Amino acid sequence: MESRNRLAEVSYVVSRDINNLLSRPFVVISRTMGFLVQFFIFGYTVSTLVKGFNFYQYYGIGTVITTVCSVSYLIGHDLFDEAERGVLDYLLSLPISRRALIIGRALGGAARSMAYGTPMFVIAIFVLGFRSPLDIAESLLALFALAFGISGLSITVAIAIRNEERFDILLAFIELLTVRFSTALYPWRAMPYYVSAVSSFSPVTSAAEIIQSSLFNSMTDLTGWGSLLTFVFAFFTLSSAFYYKRIEGGKYK
Amino acid sequence: MKGFAVVLERDIRLFLVDKILLVMAFANFCIDLFVTGITLGKLVQGFNYFLYLAPGSNMITATAAAFQAGRWIFREKYMLKTKQYLTSLPVSRNVFVAARITAWTIRCLLTALPGTIVTCIVYSVPTAFLTAALLTTLFSMGVVGISMSIATMAGSLEAYATGRSLTSTYFSFLSTTFYPATSLPSVLWPIVLTNPMTWTVEAFRSLPSGVSLQSLLYLAVVSSLFTLLGALLYRRSLEG
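Note that the protein sequences, when read in sequence, are chains A and B. Residue numbers for the first sequence follow this note's numbering, beginning at 1 and rising by one. Residue numbers for the second sequence follow this note's numbering, beginning at 1 and rising by one.
Please keep in mind that the hints were generated in silico from the structure rather than gathered at the bench. Computed from a predicted structure; not experimentally measured. Heads up, the beta-carbon is just placed ideally off N, CA and C, and yes, glycines get one too. Errors might be hidden in some of the hints.
Have a look at the derived ranges for each label pair, beta carbon to beta carbon [as the list claims (entries may be wrong)]:
hint	chain 1	residue 1	chain 2	residue 2	range
1	A	R16	B	P185	38 to 44 Å
2	A	P192	B	I121	47 to 53 Å
3	B	G155	A	P192	19 to 25 Å
Chain B regions said to be covered by chain A (calculated; three or more residues, Cβ under 8 Å) [claimed, not checked]:
hint	segment
4	44-57
5	138-144
6	154-162
7	170-181
Selected chain A positions facing chain B (in silico; Cβ < 10 Å) [as the list claims (entries may be wrong)]:
hint	residue
8	G34
9	T48
10	L49
11	K51
12	F55
13	V122
14	I125
15	V127
16	L128
17	D135
18	R166
19	L170
20	F173
21	L176
22	Y186
23	F216
Whole structure, please, built from the sequences with the hints as guidance.
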């Protein structure tokens with residue numbers, strides 16, 4: 001009975017976060033436009049300049065991964081905004097356990113990224129010609145795990161930093177770091193050594209390796225799964241700890 | 001003139017309070033150039049993609065910095081609520097608006113200056129630094145005007161962010177920032193070739209051989225028009 005209540009509590013928090021994103025058509029429209037331009041214009045045009053392998057296929061899937069990643073970072077912005085406007089205090093006063101709230105926020109961040117990213121993934125696999133249901137399912141699962149972990153990371157930063165401009169810049173910087181130092185948009189072999197060394201630590205690399213291995217070779221990348229799940233666990237734990245300890249003190253500037 | 005200097009100084013001082021922002025902007029430029037540029041450079045055949053990307057990476061940094069102007073307008077209006085105070089200052093509206101545009105352009109130039117230096121170095125034209133700085137200034141001035149126009153027309157921060165995002169997409173992907181115009185479908189050429197970003201990055205790429213007067217004039221005219229539009233709209237928003 002208690003676990004059913006907790007599940008209901010988590011689902012309230014998750015659905016609130018999904019509605020929060022979908023009620024902002026401007027965000028959805030601008031990011032969709034960004035994806036379409038990157039997929040159909042940038043990806044296609046650069047692929048005409050690259051010789052030796054199918055860059056369009058590689059980049060097309062990478063664009064979906066980076067878009068899901070980018071939407072997952074938005075949960076931190078929402079949290080910061082809520083803390084600044086005092087809505088977080090209201091949320092804490094609701095008859096929902098702190099644990100359900102924390103799990104719900106991280107899950108909500110991931111669920112809405114998937115609600116947003118899945119149609120783009122469908123466009124990409126349709127255009128690029130991937131048809132295996134098992135490979136597609138594994139890729140979606142990897143995207144969800146990545147979104148969950150990035151939401152945790154974003155929540156951690158939102159709670160740790162209390163200056164708006166610094167928060168904006170730092171989060172944009174972390175996003176750039178995790179995406180550009182990853183194999184989502186370009187392969188290992190083309191990277192300079194200082195990029196490939198850092199790239200192996202990026203969760204986006206882990207997710208990209210799993211998805212590329214699954215879609216391009218129909219194989220499961222167990223090492224990639226191990227790294228991705230470690231990242232998810234680490235940042236979920238960290239964000240939970242921050243949410244518990246830091247949320248009720250300090251002032252937002 | 002004194003009022004102009006005071007408003008200008010205030011805006012620049014506010015900008016320099018948090019120097020970490022400058023560091024982060026330069027770091028973003030470096031990641032664009034030394035990670036994406038070098039990596040894609042190994043994949044792209046036929047020309048030096050690293051050199052090709054350098055000016056565009058810097059102008060993307062300048063664009064991001066210029067859009068902080070619109071963000072400030074929002075902050076002052078809705079969060080800091082300093083609009084009443086600022087409009088009560090003993091400075092005429094025209095001088096106030098002109099000083100702010102100048103300050104925001106200087107802020108962009110300061111943000112993009114390290115990238116401008118790096119671009120001159122990778123192009124092996126350190127003596128062309130002044131021309132490069134002039135190009136950065138002209139481009140920044142125009143984007144500050146666009147940013148102010150969007151900020152004064154947008155009814156919410158989200159609408160502003162969307163305007164910013166669409167402008168950035170237009171500047172980055174519908175220009176010759178990442179690829180030559182001939183690689184794009186011919187139907188897009190009119191859009192690409194009239195894009196101020198195209199003129200700016202092409203002028204940067206021609207630094208070793210000398211920037212044409214036509215490029216400078218085109219940029220100056222387009223930037224002035226956008227700045228004028230931004231100034232008029234911002235001035236009108238101060239009245240309401």
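Using the nearest Cβ pair, does V122 of chain A come within less than 10 Å of chain B?
With Cβ-Cβ at 22 Å, over 10 Å, it is violated.
How does the coverage statement for the segment 44-57 of chain B fare against chain A, requiring three or more residues with Cβ below 8 Å from a Cβ of that chain?
holds (count 4)
Less than 10 Å between beta-carbons is the criterion; does K51 of chain A satisfy it with respect to chain B?
holds (5 Å)
Restraint: D135 of chain A near chain B, CB-CB cut 10 Å. Satisfied or not?
violated (25 Å)
Chain B contact restraint on T48 of chain A - CB to CB distance below 10 Å:
At about 6 Å, which falls below the 10 Å cut-off, the nearest Cβ of chain B leaves the hint on T48 of chain A intact, so it holds.
Grab the minimum C-beta distance from I125 of chain A to chain B and call the hint holds if it beats 10 Å, violated otherwise.
Violated, because the Cβ-Cβ distance from I125 of chain A to chain B comes to roughly 23 Å (cut-off 10 Å).
Assertion that chain A covers the segment 138-144 of chain B - criterion: three or more residues, beta-carbon distance below 8 Å
violated (count 0)
Given L170 of chain A as an interface hint, is its Cβ closer than 10 Å to any Cβ of chain B?
holds (7 Å)
Interface hint outcome for R166 of chain A [beta carbon to chain B under 10 Å]
holds (7 Å)
Agreement of hint L176 of chain A with chain B interface, Cβ distance less than 10 Å
holds (5 Å)
Restraint check, 10 Å cut-off on beta carbons, for V127 of chain A near chain B
violated (16 Å)
Mind checking, does the segment 154-162 of chain B have 3 or more residues with a CB under 8 Å from chain A?
holds (count 5)
The structure does not agree with the numbered hints 2, 3, 5, 13, 14, 15, 16, 17 and 23 stated previously, though it agrees with the rest.
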